[in-house]
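Colleague: Listed below are the residues making up each chain.
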Amino acid sequence: MPMRELYIGAFTAFALACAAPAQAQSPYGIGRAATPAEIAGWNIDIDRDGNNLPPGSGSVSHGHEVFDQQCAVCHGAKGEGGLGDQLVGGQGTLATPKPVRTVGSYWPYAPTLFDYIRRAMPQNAPESLSNDDVYAVSAYILNLNGLLPGDATLDAMTLAAIKMPNRGMFVSDPRPDVKNPACMTGC
Amino acid sequence: MTEPTDIGNSLAVTSRRRFLREGGVLVGGVVVAGGLSGSAASAATKDAGNLPPNVPEWMKTPGDPMGSQLYGTPSPFEKDVVKNIPKNLPQYLSASGRTPLQDLDGIITPNGLFYERHHGGVPTIDPAQHRLILHGLVDKPLIFTMEDIRRFPSESHIYFLECSGNPSYKRPYGKTASDLVGLLSCAEWTGVSLKLVLQEAGLQPGAKWVVAEGADAAALTRSIPIDKCLDDAMLVYSQNGERLRPQQGYPLRLLLPGFEGNMSIKWLRRLRVAAEPTYSREETSKYTDLMPDGSAREFTFYMEAKSIITRPSGGQRLSAPGFQEISGIAWSGRGKIRRVDVSVDNGNSWQEAQLQEPVLPRALTRFRLPWQWNGQAAVIQSRATDETGYVQPTLSELLAVRGDNYFYHNNAIWPWRIAAGGEVSNANA
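Note that the protein sequences, when read in sequence, are chains A and B.
When the letters of the first sequence are read in order and numbered with the working numbering, they come out as residues 10 to 196.
When the letters of the second sequence are read in order and numbered with the working numbering, they come out as residues 844 to 1272.
Treat the hints as calculated values from the structure; they're not laboratory data.
Incorrect hints may have been included.
Stated by the list, open to error - Here are the computed lysine to aspartate or glutamate pairs in the EDC-like style, where the Cα-Cα straight-line distance is at most 16 Å:
(1) K107(A) / D1132(B)
(2) K983(B) / E47(A)
(3) K188(A) / E1141(B)
(4) K107(A) / D1247(B)
(5) K1129(B) / D94(A)
(6) K1129(B) / D182(A)
(7) K1013(B) / D1188(B)
Take these sequences, add in the hints, and give me the full structure.
Modeller: Here it is, written out as C-alpha cells:
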C-alpha cells in the first residue's frame, strides 16, 4: 500500500476516534431513538417484585363481578377450570401422582398475576380491562385461593407484598441429570 | 385482484377438476405416503392403461401451462402430507400442530409443514406497521422498522426448533413419529445477529437478561440470559429463503438455537435489557419442570440430544422381507450430533449408523442404516450421542430421575415394534 494511503487511513481512524463522544456510538447508525412515551406505552412488564405496576386499585368484591363477566365462562364460576386453566385449589398436590397446578398451588409470585391478566386475558380481548379491573380480578383469584381476605383491596404495594405459598419450591436447571451407559452388545 | 391471479385461479380450477375426474380412477386404491407398502397392491387396482407397455395418458395431452400456480403447491397425490393437528382440543387459540416427520426426507422442513405453537392465535401483521423497541439497560433506547432490521448485516444458519413438551411422559403415547416428536422442525433462518442489534443500543453494566415480547394476543414474553443473546441468537425475518410465514412470527422473530421453542418469541415487538428475569407466567407457572418431590426446575432452556427413526415408523408397513433402509433424524440443543446407534433386536445390541453430511450444530442430522428384514417380529430404535458426550436416555432412565409429572424435555429413545406382518407400531404404547 502506498504511503499516502496509509497516512490517509491513519488520519481517518484518528479523526473518527476523536469525534466519538464519551457514550459509545452506534456502529451502524440504524434505527432511531425510542421516546419515553413510546416505551411507556409498550412496556407492560411487571417483574416478580412488582416493579412497573401501574397506579390504581381493585377490591375482591369488584373482582368477583369482573370475574363473573369476563373469566367464568372459560375458567369456571369458582376458578375450577374448563376451556381455560384451573385457577383455584391444588395446594398440597404437587408431590402426588396427580398434581394440580393453579395460581394458589404453583405460581411463585403474585405480581405475575397482574402481568399475565393484563397482557393476555380475557383471551378474546386482551389488554381491554382497566388497571383497576386487573387489580380487582387478581384480588378475587387470590381470595378464591385463600390468600387474601374477602374485604381486601389490592394496589401496587399490597400486591407486591403477597408471599405465594409455592415461592420457595423452584430450583435451577441441574441437567444433564440422566446417564445412559451406551451399551453396545449384550445389553 | 390482479389479472395474473385471475388467470392462475381459473387454471387452478381446471387443474383441480381434471384431478377430481381422474381421481375417480383411483377409487378403491389406497394412497400410501412414504411408499413403504402396498405399491404392488394399489397398482393392481389402478387403471393399468397407464402402465408399461401402454403410453400413460399424461403424455398424450399437454400439462398445465406456465402460471397455473403463482405459488407452487405439492402434487395433489401428496394431499395427505399435512400438519398433524390434534383432534377434539378444548380450544385452538393456544394449541400446537405437528410436522409429519415420517413423510419427510433430508433435514429441512418445508415452510408449510413447519410445526406451530402459539398462545393467542396467529396475528396478521402489516410489516409497514410493525416496530421493534429495544430499551432497558441500554445507552440509547431504539425503535426499528422492518426496513431498519433488514439493513443490518445478514446471516443464514440451519437450526432445528423444538417445542419443550415433545412428547409428554404420561400415557397414552402417540402412534406415529409425528404424534410423538412432531413438535420439531428444521429450517435455514436468515436475519441479523442479536448481538449486533444490542451493540447498536449499547449495553450498560448489569445487563444480564433480555426480556422478549411478541405482538400476538398473548403478548408472549420470556427472559433470555445475556450470554445467549451475545452468542448465536438471531432476529429472523426469513425462513428457507422466503419471508417468515405468519405462523412462524411474520414479520420478525427471535431464534435461540437449541433452546426450547417457546423462547424464540414470534412477532417480536420488544426487547427489554434487564438485570433480572421478569419471571413471567410462561417461565414460572408454565415451562417449568415438576419433580416427584414437588419442587420444580426453572429456566430449563436446552433441548438435550434426541433421535427417532422415521422410516420405518409407527403407522407404516413393511411390504416384504428383504432390504429396508432404516432412516431417521437426530439433534441436540448443545451442539453437533457425534454418532447415532441403532438397535434392531430390542436393544440387545447396537450398531453405529451412517450420518448424512452436513452434520451441523443445533440442526437436524439425518442417519441411515442398511438392514435386511427377515420377516420376523422386531423392535428397532435409535440412540443419539452429541459432541458433549451426552447419550440419549431411555424412557425408563428419564422416569427414574424425573417422574412422570415432569412434562417437558422428554428426549427418550422411542422404539418401534415391527410385527411379522410388517405393521409398525409404538413399542412403548
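Colleague: Please verify whether K1129(B) and D94(A) have alpha carbons no more than 16 Å apart.
Modeller: Satisfied, since the Cα-Cα distance of roughly 11 Å is no more than 16 Å.
Colleague: Is K188(A) within 16 Å of E1141(B), Cα to Cα?
Modeller: violated (21 Å)
Colleague: Keeping to a limit of 16 Å between CA atoms, is the pair of K1013(B) and D1188(B) held or broken?
Modeller: With a Cα-Cα distance of about 25 Å, the restraint between K1013(B) and D1188(B) is violated, given a limit of 16 Å.
Colleague: Would you mind confirming whether the straight-line C-alpha gap from K1129(B) to D182(A) stays at or under 16 Å?
Modeller: holds (15 Å)
Colleague: Please verify whether K107(A) and D1247(B) have alpha carbons no more than 16 Å apart.
Modeller: holds (10 Å)
Colleague: Does K983(B) pair with E47(A) here, judged by a C-alpha cut-off of 16 Å?
Modeller: holds (14 Å)
Colleague: Can you confirm whether the C-alpha distance between K107(A) and D1132(B) stays at or below 16 Å?
Modeller: holds (14 Å)
The structure does not agree with the numbered hints 3, 7 stated previously, though it agrees with the rest.
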